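Since the structure of chain A is already known, use the hints to place chain B on it.
So the sequence lines, in the order shown, correspond to chains A and B. Per numbering that gives the first Met the number 0, residue 0 is the first one in the first sequence, and the count goes up by one each step. Per numbering that gives the first Met the number 0, residue 0 is the first one in the second sequence, and the count goes up by one each step.
Some hints could be false.
[Claimed, not checked] Label pairs and their in silico Cβ distance ranges:
#1 GLY210(A) x ASP186(B): 57 to 65 Å
#2 PRO106(A) x ALA218(B): 32 to 40 Å
#3 VAL113(B) x PRO106(A): 37 to 45 Å
#4 ASP71(A) x HIS157(B): 44 to 52 Å
#5 GLY167(A) x THR239(B): 30 to 38 Å
#6 ASP71(A) x GLU196(B): 52 to 60 Å
#7 GLY124(A) x ASP112(B): 44 to 52 Å
#8 SER61(B) x PRO106(A): 16 to 24 Å
Honestly, the hints are just simulated from the structure, not real lab data. Quick caveat, the model's predicted, so the values are computed rather than measured. The beta-carbon is built from N, C-alpha and C at its ideal position, and this holds for glycine as well.
2 protein chains.
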Amino acid sequence: MILTVTPNPALDVTYRVPRLVPGGVVKADRVYRRAGGKGVNVARVLHSLGVPTLAVLPVGGSDGRAVVEELDSSGLAYQTVEVAGPTRRTVTVVSTADSTETLVSEPGEPPSDVEWAALLDVVRGRIGEASVLVSSGSLPPGAPVDAHAQLLALAAEHGVPSVLDTSGEPLLAGLAGRPAVVKPNADELRQVIGSDEPLRAMEMLRDAGAGAVVASFGARGMMARCADGTWLATPSRSLTGNATGAGDAAVAGIAEALAGGTPDWPGLLRRVVALSASAVLGPLAGDIDHAYLEAELPAVTVEEIG
Amino acid sequence: MILTVTPNPALDVTYRVPRLVPGGVVKADRVYRRAGGKGVNVARVLHSLGVPTLAVLPVGGSDGRAVVEELDSSGLAYQTVEVAGPTRRTVTVVSTADSTETLVSEPGEPPSDVEWAALLDVVRGRIGEASVLVSSGSLPPGAPVDAHAQLLALAAEHGVPSVLDTSGEPLLAGLAGRPAVVKPNADELRQVIGSDEPLRAMEMLRDAGAGAVVASFGARGMMARCADGTWLATPSRSLTGNATGAGDAAVAGIAEALAGGTPDWPGLLRRVVALSASAVLGPLAGDIDHAYLEAELPAVTVEEIG
Chain A
0 MILTVTPNPA LDVTYRVPRL VPGGVVKADR VYRRAGGKGV NVARVLHSLG
50 VPTLAVLPVG GSDGRAVVEE LDSSGLAYQT VEVAGPTRRT VTVVSTADST
100 ETLVSEPGEP PSDVEWAALL DVVRGRIGEA SVLVSSGSLP PGAPVDAHAQ
150 LLALAAEHGV PSVLDTSGEP LLAGLAGRPA VVKPNADELR QVIGSDEPLR
200 AMEMLRDAGA GAVVASFGAR GMMARCADGT WLATPSRSLT GNATGAGDAA
250 VAGIAEALAG GTPDWPGLLR RVVALSASAV LGPLAGDIDH AYLEAELPAV
300 TVEEIG
Chain B
0 MILTVTPNPA LDVTYRVPRL VPGGVVKADR VYRRAGGKGV NVARVLHSLG
50 VPTLAVLPVG GSDGRAVVEE LDSSGLAYQT VEVAGPTRRT VTVVSTADST
100 ETLVSEPGEP PSDVEWAALL DVVRGRIGEA SVLVSSGSLP PGAPVDAHAQ
150 LLALAAEHGV PSVLDTSGEP LLAGLAGRPA VVKPNADELR QVIGSDEPLR
200 AMEMLRDAGA GAVVASFGAR GMMARCADGT WLATPSRSLT GNATGAGDAA
250 VAGIAEALAG GTPDWPGLLR RVVALSASAV LGPLAGDIDH AYLEAELPAV
300 TVEEIG
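Here chain A stands alone, though its shape is the one from the complex (with noise of 0.2 Å):
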């Protein structure tokens, strides 16, 4: 199976409004609760493509009892820990009139050192029977910075290739558990180097440690750079949607890829910008538009670009 961990996972909260306007008062139409967190969302859509996933996560509080009774009733498999700091909520606001997603999101309560520990020791327990660990999402405030770095090492002393998605210093701090991919996006590359130069940003990864990057530029489609050459793939057509989603289907298809073994790189980021695209068009993040996907998939065109 693939292990993803989500070290900050939350309880999604989607209110459907008629208008949002800054400064103004409306009332939700619509209200969803889900279990979210980009590790969380990465298993969804891993599960929903038939491939076995666990879903490793610390809950907390009454926000954690929903998470975990929506993970239940979503049939993903999962091992939770129990932490005191209750589980922290995001809240996207969708705006029916103009079609626009407004997220905010509360940053989470602060791991104890005994929490910390017994998260690892859920992974370290369940890593042997791991095709592929995937370390997502941001971390709780308090969290050693190098969190992600830690939990792929757990994966490294199994000889288990691992997929790291993150941004600013955890990102960084996580090369050193040395990922076998990490997928940033065009912002998260802006801020590796401070300028807009994909390219030698996806370098620097790679040399801190990455063993590839796969990057994504919205609807400009992705890029992978690696030992073996930088393919640039783009989808058939620009979608307008769930960002979010797509970057969580993006890392589920690299790490059911690299489950298979050594990836075709060509082929692996067709499939992921088809996944990303069909994940534009599901309502949440982690859900697919599978119907999308079977057409995307021959429609992407993916060229070696050096």
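Here is chain B on its own, set in the frame of chain A:
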């Protein structure tokens, strides 16, 4: 004491963010949680003025427990009715960069007939101790549209004057309960007659059962219309801030005046305008700036206009 009823209370959650941009993603740097709903806010203002009060409200689920915990820590006197449906949440996003407050509210859960009857029973049991009944805010979906009228009728049976603060159908249906005062704002008056003729709308509310109408027009001040005349009170200056809290502070001032017997209308209006202004400066609904209240009281202009 002044008894306030909140048929559709909420856990009010406030996120402070650097800047709210529709379509964007932002992390909250501060999160505040507080018991809310208009009647709860009114009770909070009265409590901070040293006026004995009792807040009556239904609570359910984990957010209902959070409401009770916060009421306990605030020292507000309250009496709850346990209901099956979870207490709704309101989300206010305070954008620091441009000083906007954007509010998204959940609609609430329908009460059962038994739960609604239990809320009436609590009010029936305590109304004998009350000098004034305040019935405030929206109704949960599925509640009887004349819910406020039913509550006001319990007060009328005991000769207790009442204040009604709601909007739309619940306002019109609530007038059958013959409130001593209703407190619409400019928008709510427009809804009453479908045009921007506030004095005519106020007269219609009186014809339909309200003893007096105290209408709020934001920074332009407030008007009172009753059998004895019509007055306009204007604050000394225009303030920007918390409009929700301003309306609830006005209702608190009206209830406080009614508790003292037949009101001196110009004096009531002066205090209510000063209270509203001092609530605009409060960080959260239910907070008032006591120093500003004292300074503003003599600075309000009151004139008889008909």
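task: Identify every previously stated hint that the structure contradicts and give their numbers, smallest first.
output: Result: no hint breaks.
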